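Undergrad: Residue numbers (this note's numbering), protein chains in the order written: chain V, 2 to 102; chain X, 54 to 556; chain D, 4 to 684; chain Y, 4 to 527.
For the record, the hints were derived by calculation from the structure and aren't laboratory data.
Treat the numbers as computed from the prediction; the structure is a model and nothing was measured.
Check before you lean on any hint, since a few could be wrong.
Pairwise CB distance ranges (calculated) [claimed, not checked]:
hint, chain 1, residue 1, chain 2, residue 2, range
1, V, 80, X, 69, 22 to 30 Å
2, X, 69, V, 20, 16 to 24 Å
3, X, 104, Y, 78, 21 to 29 Å
4, D, 620, Y, 474, 43 to 51 Å
5, D, 623, X, 96, 39 to 47 Å
6, X, 107, Y, 40, 26 to 34 Å
7, Y, 475, D, 140, 41 to 49 Å
Glycine residues also receive a C-beta, built at the ideal position from the N, C-alpha and C atoms.
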Amino acid sequence: MIVNQFLILGAAVFALGVYGVLSRRNAVMVLLSVELMLGAVNLNLVVFDRAFRDELAAGQIFSLFVIAIAAAEVGIGLAIILLIFRNRSSANVDELDLMKL
Amino acid sequence: MNLDYHALLPEIILAGTVILVLVTDLLPVKKYWSAVVGILGTAAALVPLLTLSFCDSLEFCESTGVRSMFSGTYVVDSFALVLKGLFLVVALVVLLMSVGYLEGGRFWQGEYYFLLLASVLGAVVMASSRDFISMFVALELVTGPTFLMAGWRKGDDRSNEAALKYFIIGVISAAILLFGVSLVYGVTGQLRFADIAAAIAVRGESPLLTIGVIFTILGFAFKVSAAPFHFWTPDTYEGAPTPVTAYLAVGSKAAGFVGLLTVAYVAFGTTRGLWAALIWILAATSMTLGNVVAIKQTNIVRMLGYSSIAQGGFMLVPFGALVAVDATPDVLEKAFFATVTYIVIYAAMNLGAFATIIAISNRIKSGEIKDLAGLGLYAPGLAGLLAIFFFSLAGIPPVAGWFAKLVMFNSAIGSGSGWGLALAVIAAVNAVVAFAYYGKVVKSAWFDAVPDTVSDAMKSDSKVAPPLVLALGLTFAGTIAFGVFPSLVTSLSEFASSLSSGL
Amino acid sequence: MLTFLATNANQLILATEELGEINDGGLLASLAWLIPVVPMVAAFAIVFFGRRLPHKGWELAMGAMGFVGLYGILLAFATMNGEITYEGAISMGEFGPIVLEWGWMVDGLSSMMYFVVGVVGSLVFIYAKSYMAGDIRFTWFFASFSLFAGGMLVLVAAPNLIQLIVGWELVGVASYLLIGHYWEDHDNSSAAIKAFLVNKVADVGLFLGVIIIGTTAGTFRFSEILAQVAAGENDLLKKFAFLGGLALFIAAMGKSAQFPLHVWLPDAMAGPTPVSALMHAATMVTAGVYLLGRTFPLYFVEGYAVDVRPIIMIVGALTLFLTGLIALVQTDLKKVLAYSTLSQLGYMVAAMGAGAYTAALFHLFTHAFFKGLLFLAAGSVIHSVHSNEMTDMGGLRKYMPTTYKTFVIGSLALAGIFPLAGFWSKDEILVAFGKASGGAANFALYLGIAGAFITALYMSRAVYLTFFGEFKGHGTPHESPKMITVPLVVLAGFSLVAGLINMPGFSSWFTELTAVRFTVMGDYHPKAINFGMAAAGLSAALLGILIGYVLWSKDAETQAARDKFRIPLLYPLLERKYYIDDLYMDGIVRPLRGPVARAVDWFNGHVIDLFVNGAGALAKFVGKYVYRFDQSGLDSAIIASAAATGAGGSVLRLLQSGRVQQYAVMIFAGTVVLVAGFIIF
Amino acid sequence: MGWFESGWGLSLIVFLPLVGAVAVLAVPKAREELQKVVALGFALVTFGLSIVLAIQFDYGASEKIQFGTSREWIAAIGSNYTVGVDGISLPMIVLSTFITVLAIVYSWDHWPEPRNPKMFSMLILVLLTGMVGTFVALDLILFFVFFEIVLLPMYFMIGIWGDRTEVRIPVIGKVTEMRLYASIKFFLFTLFGSAFMLLGFIALYFRSGPAGDRTFDMIELAARSDLFTGSFAFWVFAALALGFAVKVPIFPFHTWLPDAHTAAPTVGSVLLAAVLLKLGTYAFIRISIPILPQEALNWAPAIGILAVIGIIYASFACLAQTDMKRLIAFSSVGHMGFVMLGIATMTDIGFNAAIIGMVAHGVITGLMFFIAGSMSHRYHTREMSRLGGNQKLMPIMGAILGLSAMASLGLPGLAGFWGEFMSLLAAFNPNPALNVGLFRTLMVIGAIGTVLTAGYLLWMMQKVNFGEPRESWDDVDLHDVDKWEMMAWVPLVISIIAIGVYPRIVTGATNDAVVELIKNAFGG
């Protein structure tokens, strides 16, 4: 099993997610970038699971939980973004500065 | 699979309440019935906790020692019992605080209680989780609803903003945590804490493990808002409805600590040098940053945000002091004991502080510290409570906070290491600095003249919602009682320290 | 016994058993605690009830003082029948090994002092009733006056050093109250403060002396300390005796107003005249001499504080000479007398230094009468002309015959004219100077004879300026009432005959009286009169009177015209009192009260608080910037890092991102830093 | 009276005032008379109990802990509710309850503005609990708790009823009201000290034995003083000393004091000066020295030097003051310097001197602050340059001021003398382990300090009491001492004279205890 390559891929995807989170102005895009990071996590979990040939398949099961919860979180996130969009007609994160110093 | 329903009863009752609240909301009754159901349900959930705790002396209860389920991934031990009890009590107080608050504004009430109780359910589950899957689920159950609650003042831009910031930072932290967990899994092949500890003991440390551990711990650092992962805290605290802030500052934070404690002690117990050093840094920076920045704050809730960062730092001190210490069970237990004690006391006094602030801002319609001026003249009762809770936060005897600080110092110095001592000294200086801003609030309320912004109507309006009075009473009683008879807390936290000895 | 004492000049008499039977004084001595207590109680009683009494408290004061006077007379007679040594003590508290005691002592020395204080005090109190009549604080005056006498009696009765301090300071505080009696006037309260502070400076010596002697001896009781001195076995005490003795002498210099701590006494004239009379005659200034007398063996027994003696002699001699000269240029009658007191105190102190215990005390004794007399007479004059200045007097001989006569008797006694009291005592002192060996003794002898001359000179000046010539004041002076003149006459009587009780070759009653049992005597009383010394002293005095007559007997319009001897340099020097007051004020007091005090206060607010408030300011400052960084400083941090790495748009892009993303940056950055740190270390 | 001796009596003295505070709280705000009566009643009963304590006390065994008890309090950290009285604490307890009664009596008709008798008397009672608690506590943690409790009422007293004149804060440059600056400065200063003190306590605990045999008990720790050696002892002593030194206060930790005393309302200043400062010196005698005797000897020269610097420094600072109350405040620094000098000698004489000095300073400076308060109440100014002729305007008050000034400058026969003189005496022969030359030098400098002390007090008297009154006071209603003032002050005057004449009132209780303490700490 070629673990290292997958690991590098996972790390790269995670980093991509980080980049997206940091650079995207639209909240939805930020949310998607976070999903990317979680994707990297899932990848890792599944790869390790296979690498260990885990009898309980714990990694895979964990990744299922992650996917499910990520979906829930996206739901929450979209709800909040919707709320903001409704109040301000914009979902840009750089406008979130009401509580600026 | 053999389920111990007695042990699971609190979760079951709470889950039932969550559903019941949702159902009540649909019924054509007054909205506060949801709250009543929630309060009753939460209180009911406390009953099995008590029977479990005093199992040995109860006839109908079957003593089985530690109740471990699902192949050891879900454990109801004394630690779990104490923390569950804490979460439930915190939930009760927050519910009491919320009732009046929600009545006064344009809010969705039923869903609010539903979300709050769901989050509490997560916290209760968290206390028993002994593997990463259940812990992650519990953690998300704690956090998820709070994202929504933070934005509960739906028409208020600040509240929305608070919610979004909190959400984004929250999910990023979750991602970091998960990434760390995935690496730990990769190194050890295990997700159950006990197995991870065993695997690490066998395999020893590796860079990958180090990265995994650090990522995991830092994921929790977000929850306990330790610097430098605290940035969301002040904004969110200020923007969120105050009862939610109270819950975030106490319930959610305590849940974070529960996770941190369990993970650090049970899963990573064998790489203590690593996380202790990490936490040492987090503790020192949190205390210092929180305190120093809090001095400059003008909004009381925002100030409490920084205060809670600093208090979080104090809570981390006992762990940080474990750097470079021989792992005698005594020392480990002391640190554990100190943190649990601190959490319990912190819960009482911080909730009290928030409850008082709710009562006050209901009256003066402001959250600015300078607008508290003259409170002692027209509302001595509230001003007195304010003084008591803030002095407690500052750690002045005889109100509870001093004892929290005492056990914190006690464990830091008791660790016997120079690092522990250094941290104690940093904490001591910080404890003094902290008074500068806690004192500022008291000063404003008691020493300053009544400003023009306070109308005569506000002065004469001495009405405080009855549930809030109850909340104030509970927290007041706790703060005083824990301060004067600290053994009330220590018996709890000693009971809870069973986890550390399980190493 | 007399012969034994008299024939052994400079020889120690260690064998105390040779002194004959000791009498414990019986009931009289055991009740002597009443002597200090009665005036003290009277003082308090006057404060609380005085105003309601018919004589507004005077009767209490008078009663107490009269009681002391009678008791003093009784004790004096009892002592004549045989030496009494009695020491009573009540324990008042423990400080570790030290037991504090209140006690009373009855022996020759203290009996003599009881007698002087009691008799002179009673006369002054009688006098004061009339003198102070109509004073706004009549009652308060007698309360303080009783306290004054009471304090002195506490001091005299003290059988231990610590009680001595108590009495010593009580005298000081009472003098403060009395000198500042007319406190509405700023100068008077300043004079009172001056008296208190100068004495307080000397009290540093007293404190240190008592501590040193008491601690090294292991006891504060005079009897035990002096017994140790006699036994000569306490090496520790020997080692510290010089320092302790010197310190005690400094204390004596303060109370007995020795040069250069004499400055307070002339200013103390600010008080009412009876105060001056009592202060100069019987209480306060005699305390220093008394202290030296009480601790006399310490300075006299070889191996102890003998090296202090030359210092004592020189200080005493300087005082008697220098202050006598100042008296020559005073125009205030009371100031003349004040400087004369200083001069006489110089004699007493120098005599103590020369080892002439009896002579010094004898001079104290006689001086009490004639100086008391002179002050009361001066008061009588002042009362009648309403001025202190001799320029407002003159020719009073005609108006106030009794006062005039008694004043002249006092003056002659002071000048040391045979056979008045002053002659005998001064002569004895001069003899002592002559007998003592060493340069200091010679110095004292020459200055002593010169002093006799100066004394006669300024006293004759005072007599001529006051009582002869034409009256220059306003109104018509008249003789004072009986209450004032009777004490004058009584004191004049004492001034005439008091010297006879210790006439060499004739009587030694005083010597026997003051010979204290447990002190190791190094004292002597001349067996026969030393005609050479007597002639020297007497002729110096007569010369002084003669010159005085030449200079001042003729009346003139102005004081300047009468003071013909205006020697350049010397006269202004005397008028400015050798610039010592100026030195103290400008050199010490003003700088301390002004610049030094202000500097300390400034230091408090600007240096110590610099740290205190600076810490606060620093916390706020740091808080401000940390907060700014926490909230928005990220922008600049990112610009900096972007510039450093040279990264292009991708990093700068972050600048435009929202706040929440900056938080995220911090989180990731923190994570990376921590991970990197832990991997590396 | 078995119950009294079993520890209940002592606990009653400690907590009765607290009950009183609650009782006052229960009285409706409008019923001021009742509030006053209740407050005074509780204070009087407490005082009465402390007198009973003093009567029942076995003076023959004053070195033993009496009326003591020890109950489990916080088992988890090994801290117990251990209280007791010995000869050292007894005078301090009586002093505390005594002064408190007088404070309430004085307040009867002199409530500071903004008028709030209810809260004010509650704070006084809470303060009393803290003060007495500190003096009876024999457990370090218990001590710490009471030590800190004292801060709260005082903070409020200064902050609410303090001086409202605007001052420019040195260094920071902000202009604020005196009371605000003083209250926070007072609190932060003390808190800073006590934070380190607490660290020291905990460190002692962990060094006090193997796990399971550790203790916070002061008596037990003193018995185990051999365990505390080396650099450990050095740092622990430093930490404790920091906490106590701020409270005393020892130069250079004193700058909170002039501000706090000046800003505080009259009764606040009185209690602050009379009792609160003694907590620090008492703690030195009770904790630092018995537990860390060897280290105390190492530190003694430093303490002695700072004490004497304090004496001289405070005198000069006093000479520069124009504000009467501030002058009295600064004089406390000097007087506490004498107390600390006595302690620094590490001898029984010095300790006795320190304790009697503490008591004397309590009654004397307490009285002076009372008078200063009453005077500024009448004249509406404390600037000495504007006063003058007070003796003429108010003869009785002037006389009492004079008496207290005389007592303050250490006039023998009045209370202040013994502490001062015996401290100097003790410095001549300090503990054999100390440098004799140094302490004798300190003795001489300290003795010179007495002259300066006399100087500033006499000049104060001259400015305030003497001279002709200014015309501007002609139309002002300046009544002499009123009955409440009389009732509050006469007992103080009597005690000043009584202690001055008969020092056994204090040393009779303390001496045996002190001798024993010194013997246990330094041997022989």
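Undergrad: If any of the earlier hints don't hold here, list their numbers in rising order.
TA: 2, 6, 7
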